[in-house]
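Chains as they are written, first to last, in my numbering: chain C, 1 to 320; chain Z, 1 to 320; chain D, 1 to 320; chain X, 1 to 320; chain R, 1 to 320; chain G, 1 to 320.
Don't take every hint at face value.
Any copy, or any two copies together, can satisfy a pair, since identical chains are not distinguished.
[Stated by the list, open to error] Simulated pairs of lysine to aspartate or glutamate, EDC-like, Cα-Cα distance not exceeding 20 Å:
id : residue 1 : residue 2
1  : 75        : 199
2  : 75        : 196
3  : 75        : 104
4  : 75        : 216
5  : 162       : 276
6  : 162       : 99
7  : 75        : 212
8  : 75        : 213
9  : 315       : 156
10 : 315       : 216
11 : 162       : 97
12 : 162       : 175
13 : 181       : 157
14 : 315       : 221
15 : 181       : 199
16 : 162       : 221
17 : 162       : 174
Derived by calculation from the structure, the hints in this document are not laboratory data.
Number of protein chains: 6
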Amino acid sequence: MPAPPTDLTSFSQPRYAEVPTFMRTPLASDWSSVDIGLIGVPYDGRVTNRPGARHGPRELRNMSSLTRAIHHVTKVNPFEIARIADLGDVRFQRLFDGDGALDEIADFYARIREANVVPLSAGGDHTVSLPILRGLVGDGEAVGLIHVDAHTDTWDEFQGSKYMHGTPFRRAVEEGLVDPKRTIQIGIRGPQNHAEGWDYSLNSGMRVMFMEEVVDRGIRETIAEARRTVGSGRTYLTFDIDSLDPAFAPGTGTPEIGGFTTREAMQLLRGLSGLDFIGGDLVEVAPPFDVGAITATAGAGLMYEILCLLATAFKARPTA
Amino acid sequence: MPAPPTDLTSFSQPRYAEVPTFMRTPLASDWSSVDIGLIGVPYDGRVTNRPGARHGPRELRNMSSLTRAIHHVTKVNPFEIARIADLGDVRFQRLFDGDGALDEIADFYARIREANVVPLSAGGDHTVSLPILRGLVGDGEAVGLIHVDAHTDTWDEFQGSKYMHGTPFRRAVEEGLVDPKRTIQIGIRGPQNHAEGWDYSLNSGMRVMFMEEVVDRGIRETIAEARRTVGSGRTYLTFDIDSLDPAFAPGTGTPEIGGFTTREAMQLLRGLSGLDFIGGDLVEVAPPFDVGAITATAGAGLMYEILCLLATAFKARPTA
Amino acid sequence: MPAPPTDLTSFSQPRYAEVPTFMRTPLASDWSSVDIGLIGVPYDGRVTNRPGARHGPRELRNMSSLTRAIHHVTKVNPFEIARIADLGDVRFQRLFDGDGALDEIADFYARIREANVVPLSAGGDHTVSLPILRGLVGDGEAVGLIHVDAHTDTWDEFQGSKYMHGTPFRRAVEEGLVDPKRTIQIGIRGPQNHAEGWDYSLNSGMRVMFMEEVVDRGIRETIAEARRTVGSGRTYLTFDIDSLDPAFAPGTGTPEIGGFTTREAMQLLRGLSGLDFIGGDLVEVAPPFDVGAITATAGAGLMYEILCLLATAFKARPTA
Amino acid sequence: MPAPPTDLTSFSQPRYAEVPTFMRTPLASDWSSVDIGLIGVPYDGRVTNRPGARHGPRELRNMSSLTRAIHHVTKVNPFEIARIADLGDVRFQRLFDGDGALDEIADFYARIREANVVPLSAGGDHTVSLPILRGLVGDGEAVGLIHVDAHTDTWDEFQGSKYMHGTPFRRAVEEGLVDPKRTIQIGIRGPQNHAEGWDYSLNSGMRVMFMEEVVDRGIRETIAEARRTVGSGRTYLTFDIDSLDPAFAPGTGTPEIGGFTTREAMQLLRGLSGLDFIGGDLVEVAPPFDVGAITATAGAGLMYEILCLLATAFKARPTA
Amino acid sequence: MPAPPTDLTSFSQPRYAEVPTFMRTPLASDWSSVDIGLIGVPYDGRVTNRPGARHGPRELRNMSSLTRAIHHVTKVNPFEIARIADLGDVRFQRLFDGDGALDEIADFYARIREANVVPLSAGGDHTVSLPILRGLVGDGEAVGLIHVDAHTDTWDEFQGSKYMHGTPFRRAVEEGLVDPKRTIQIGIRGPQNHAEGWDYSLNSGMRVMFMEEVVDRGIRETIAEARRTVGSGRTYLTFDIDSLDPAFAPGTGTPEIGGFTTREAMQLLRGLSGLDFIGGDLVEVAPPFDVGAITATAGAGLMYEILCLLATAFKARPTA
Amino acid sequence: MPAPPTDLTSFSQPRYAEVPTFMRTPLASDWSSVDIGLIGVPYDGRVTNRPGARHGPRELRNMSSLTRAIHHVTKVNPFEIARIADLGDVRFQRLFDGDGALDEIADFYARIREANVVPLSAGGDHTVSLPILRGLVGDGEAVGLIHVDAHTDTWDEFQGSKYMHGTPFRRAVEEGLVDPKRTIQIGIRGPQNHAEGWDYSLNSGMRVMFMEEVVDRGIRETIAEARRTVGSGRTYLTFDIDSLDPAFAPGTGTPEIGGFTTREAMQLLRGLSGLDFIGGDLVEVAPPFDVGAITATAGAGLMYEILCLLATAFKARPTA
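With the hints as extra help, turn the sequences into a complete structure.
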């Protein structure tokens, strides 16, 4: 068995030191000794408004040096549970060649699945969740989905393409990757020019919790609703940073006021512990629009929360 | 009847495209085909501290490209209810000539009233609400006022003038434009050197809800109190962006910590639907002090909420 | 008796005018006519991550021009209760000479104590609270401590030193300056690599309220818990700006998401009125990482809240 | 003859007022009364590094309010020579559909040519110069090219496409749009991973003036060389803002140190007066990476210089 | 004789320490012991475009902590030649009362003249130079003027007033304060909508060196021309920071590309040593538009150069 | 012989992708296969003013992704000449323990010397050059020094220590590490409170070229003077980013106006090709004070120039 990559001697150095890997984990080229892989997907080619999420992985790595090991509420230490490493970024050769980049992402995650690595990905725009799911789920059974976002991302097409950051979960349902009955969308808000996306989500059977419902019922009931919706089956978690309020995440492409605080988001994520997560992502951090690293700090902190969820799920699995 | 200005083909273009008008509405020079006019008042000549609100209209236009048509909670689509256009900015020839600018604003709004246009204005500093009311109300009956702000703006004078951004509503009462008994001030907070402004508001019969009362009783009771105060008569809505907490609106001249979140502000505004609003404004967005467009994003989003209120009121009016 | 320093004619000038002293109080070189002294401690030589708090005093002075006299909730006017002045900064000659700077701070505060001045200090990193306490408490009885922070700052050592911004309150207990039984730490959160600091606080008898407990029980019960813990004895108040959420305080060295809003922090501080405070500090404002002066605005506003606490305590004291 | 669009009454308003059009010219939908059209091309889909030039047209419009009419050296007033209007942006429906956007740009400029409008375009990334030339030149004779840039943009392909911001002028030569013998590239610098682009430029017969030659020989000789190279024939001018030094243009995707000052760039452009320019563009202004509007101020000022060149050429033409 | 204010013990403290006075000089309320007074004029009420110069004095004070005593080229130490102090800011009570603020500035400088203090002022917008000259020159003989600026500031009126930042030197000539034959304007550039200001300067007999002439002839000949123009008589020096290129001074209201570098500006100023300067000012630093303190650093450094000029002139005067 | 680390397949990825190492070179833990090592020294514990250079190595790595392989003037490709790798950062355990950090740096570079690696270091404040020289030179013969800086850094002590960023080269002479007769300091400028540092440099025999001499004589003669001074012996190159003008390098601790442009700095460095450099460093990049990455872009570009110098020297050495 290969040496574990999770040698966190880097934790003893000042946080500003050394090349920034995700949460100061080692860079691993050999995936066989990795349980949970932290992966960058620097792609933002399909956004409707402000670009820049391609710079997300680097800045999330940079600010993730501030995270540490033991969770202050749950006392979970993911680095003791699983072998965790930074796997670098998805590599691209066909960024400008039609949908080539999406294929390259899907291929990467198919290999991740083969390597039995649980991926925690940093986008990139939300388009990337579709090829991630293609790679991870493949021909397997459709997975449950917990989707925290200001937007349902179930629109149909834009500017001549079915594949952009407002459509991934409609495509994922159509392609049998995600089970709409086991899907919950949390934090939806903001005006729309057409009701089409909202309608698709509802008509396909997804549970849509608009922000107002979340506020009215509180985070605890929201958690209960999420757990009820996805049940005990295999589930994917996708977190769009624009689910946070712009005061907590100004650095994103399509901000919507009236969103989550980080405190609420952390509480929400913590409440999902024990679900059978096969992976997760945090997307739409766009550093060129960030200020004071507010968004990247939030993104890195929430990635740590998701990492704890993935580690807990990993531990509970027979194969772990 | 002239062609409706609300041809929103611009909605199909990416949000970063084209010359930025308010909410991507058409620029209209012919006011006869306009029901609701979006107007910039780029004046900040009477602030006590940081200037820059003169740049507010442009930046609010810029960020308002992110708003869209259908409200996600109420499903109101103001663009289907009313003909909405950007009427450009109030034009000035006498900015440095005593109170000339205030006269020019008042003249502009008198013409707006004659044209039967409901105005939604973007300041500028809060001084502008006084000449707007002069133009809109004229010799008519004093209107009710819903005033969301950190400050009562009922001080008496400063630096040798009765007309500045801390005095408009005292003047408006004195001039018979606003009925203090039908006035509510919401979100007041922050220390003062003299109690004079607070006292004037209370003594004149205004209902003053300090921020602590709002927090203690909650947004729903605050809404009820506001509705009770203004009743069914004609009412004006003025929203000072410094009512928001500086985390949600750093770009303003006199920030006060402990303010509203955008979520609360949206809930508050939504709760006012059905009142007989004759116009509204959003003031004190000072882009030179903004970062990451946090303030302008909030301002544009809240202008959309106010637009929904004005459209709903417009629809309910016999003349609509 | 010397003329009172609290001649606030500066309050009549625009806030952007004149050399910025703390809250526009006069600069005093003669301490004999000062009851409460506002003091800068521009030292950040012992931080684990991002430096810059050395620039805190200047920027807090700058933004403190926005504060005013009368508290809008309590109607307390500290400037009428006590003679308040800006005493300038602690002066350094031994910044690079071992722990010389800490000795210089302690010496300064020993003189403050001798002059019967109640100090309200602006850091600087949290290391400075230790020498402040050394100077203030000296050989006297250990004081109670209300400590608002994201971190317990009771770690043992780092990078070869016992004295850095993660250790001051462990040292303060060891040196008999602070009574752990009369100490409460509020707002603690964020992952840690070792539980050592948390353990020390709990084992020494401190009351540790993690952020989640604060949220669950609410600010009012938190206040009650704090009052219960410190009782009626002499108490010091230390406020680390990173207790606020990074959206409300991005400009700090070790931000932790999920923190206080300014509204909560103000409510918490107000609730402590009547305790026998002998001094207070606000630390870890790091302007180079601030944006839109969000952090400095919060810091200056919270310093005003603390000033009200100190003035109220001063007034209640027989010697006042 | 239609009314002239160049009614510059807007010049009498403060520069921060009104909806920002290019240089405060009127927005024209009727092109028949326009001699020179100012056009935005908000496309940045093919950059190798930092995106954001899609936001260039809006910000260049915004800052162009600072430009005025009469050139202080030449006394040329382009607004008296020609009817100048803002034609808005190229409209897109196929942004995500292969090379659809490039086709839409080419179609737009073919219509510009048919309308006998001389275009001054604001990018967008440098890719857009290719479809602009396709539209403008069409099947006509290859034009001369003055190309000011840090990079030759004559690479062959990248990430699976022949069409990106490093290839437009190689394509333009291959497609017979540009005559390499009448092409000069000025300001080239910065390391490269392969010499391929440099080689293509030289081998195809272009005159390549690396920055060092420009500095050694001075701007006057550079002007002479440029005039000699393009001669009296029809010529296009393309100005990449990254030809400026990053101190003068930080807001661009691929900055290269050691570039032009604005003073040099203005002198260079002024020296080209009298050449038969059929159009020009200024590209690669990426506002998300700009600070203090340094780049947009430079871009707007240089667009004014180019406008003077186009107006002078327009005036000299028999058809004017 | 009172104790000299120039006790620069503050020089031994770190530059970030203490309340920031200009160049860390003592704050003096007793002018009788001051030879050269550093004065802030925080007024920007008459700008055509971007406001913010009211914040100039504070930020120039802040960054001036970086300047030191001995000039590295001339070895002049102004602090040994003259007693230098920070006199605080001009105080205002009539900011919003017509031209009251200008009167208050004039009154202040009349007292400065009476006190025999040589003033070095920090604006504020350029309007302030007129009342400064009114106070300093009074009924005395018109003085010579060296005016470094992008604009001649000899326009006639704007927005209903003769007094704004584009008119001070026309007024100063009309009022007999400045001798146009002994006036030189250096660095003029940028387009204008009307030639009126340029014409006035030339017609009144001023020597106008447009930027191009400065560049063509070089700084040394520019110095010679300036010395020739003003001769040996009493002369005032006014430096508008927008004479610098926006890369060196982005934080100003009306930036013009193609300006001076700081190196050129320093060389120019140094070359004026020995002229009989009776005072000087540096205006139009607008911190809200500054980034990275680039402008304030330049402004503070240039103020030091001007201080050396004033000290040298002071030393040469019989009264010194 | 071990496999070469200079596998630059990363060059084919977009520049924003992957973990940022210096110039996208591989991270090497085995130094035996490295000829030139790129090293971060994240230490800024001894600065007189603004801290932040500890963040320099990370940000220089980040922006160095924009550099490429072949020099556009010299056609040198350092990656073909030498095996180049990123060696990570110097590791610290004694940052707060007296001068422990300096010892740790010296130990690191002693090992670098033993490994026959030529170091190119990124600071960190200028203090680090002293322990680097201690490690590199050891007991060997004193080396020549080319020192580009605004300050001589030959002061004696500050705040109780002989070791800070204003003293390294005085110490280096005293310790026999640097030969003052073979030392040249280029670009010195800015006022000083005492002439002591200037005097030490001159009295010890160093050649000091103040900025004015550089400007008067031009870069070519400056190069000649530098070559003459250091001759053919072993030489170290140290480049303080504050030698650049603040417009080109705002992000540094003690900016001085009137500095180098990047164009001049590049020309200067290129002119030093062929000298026998044993290593070099670029220091004082302080990202918290940078804007638009102007400073880091300059720093990364200049590091590439220095790399070419080191590679050329490496190639010329018999041992290469």
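Evaluation of the provided hints:
Taking identical chains as interchangeable, the C-alpha atoms of residue 75 and residue 199 lie at most 20 Å apart only when they sit on different chains, with a minimum of 13 Å there against 41 Å within one chain. Taking CA atoms no more than 20 Å apart as the test, residue 75 paired with residue 196 passes between copies only; the shortest distance there is 13 Å, against 43 Å inside one copy. When the C-alpha separation of residue 75 and residue 104 is checked against a cutoff of 20 Å, the pair qualifies neither within a copy, at 37 Å, nor between copies, at 35 Å. Only between protomers do residue 75 and residue 216 lie at most 20 Å apart by alpha-carbon distance; the minimum there is 18 Å, versus 30 Å within a single protomer.
When the C-alpha separation of residue 162 and residue 276 is checked against a cutoff of 20 Å, the pair qualifies neither within a copy, at 30 Å, nor between copies, at 44 Å. Taking the shortest Cα distances, residue 162 and residue 99 sit within 20 Å of each other both inside one copy (10 Å) and across copies (16 Å). For the homomeric pair residue 75 and residue 212, the shortest alpha-carbon distance between copies (13 Å) is at most 20 Å, but the shortest distance inside one copy (32 Å) is not. Taking identical chains as interchangeable, the C-alpha atoms of residue 75 and residue 213 lie at most 20 Å apart only when they sit on different chains, with a minimum of 15 Å there against 31 Å within one chain.
For the identical chains of this complex, residue 315 and residue 156 are neighbours neither inside a copy (38 Å) nor across copies (32 Å), given an alpha-carbon limit of 20 Å. In this homomeric assembly, residue 315 and residue 216 never come within 20 Å of each other (Cα to Cα): the closest approach is 34 Å inside a single copy and 29 Å across copies. In this assembly of identical chains, the alpha carbons of residue 162 and residue 97 lie at most 20 Å apart whether taken from the same copy (15 Å) or from different copies (9 Å). Taking the shortest alpha-carbon separations for residue 162 and residue 175, only the intra-copy value of 13 Å comes in at or below 20 Å, while the best inter-copy value is 31 Å.
With identical chains, the CA atoms of residue 181 and residue 157 are never at most 20 Å apart, being 23 Å at best within one copy and 45 Å at best between copies. Proximity of residue 315 and residue 221 under a CA criterion of 20 Å is satisfied in neither setting, with 26 Å inside one chain copy and 37 Å between copies. Taking identical chains as interchangeable, the C-alpha atoms of residue 181 and residue 199 lie at most 20 Å apart only when both belong to the same chain, with a minimum of 15 Å there against 45 Å between chains. In the homo-oligomer, the alpha carbons of residue 162 and residue 221 never lie at most 20 Å apart, since the shortest distance is 34 Å inside one protomer and 45 Å across protomers.
Taking the shortest Cα distances, residue 162 and residue 174 sit within 20 Å of each other inside one copy (12 Å), while across copies they are farther apart (33 Å).
Of the numbered hints listed earlier, those contradicted by the structure are 3, 5, 9, 10, 13, 14 and 16.
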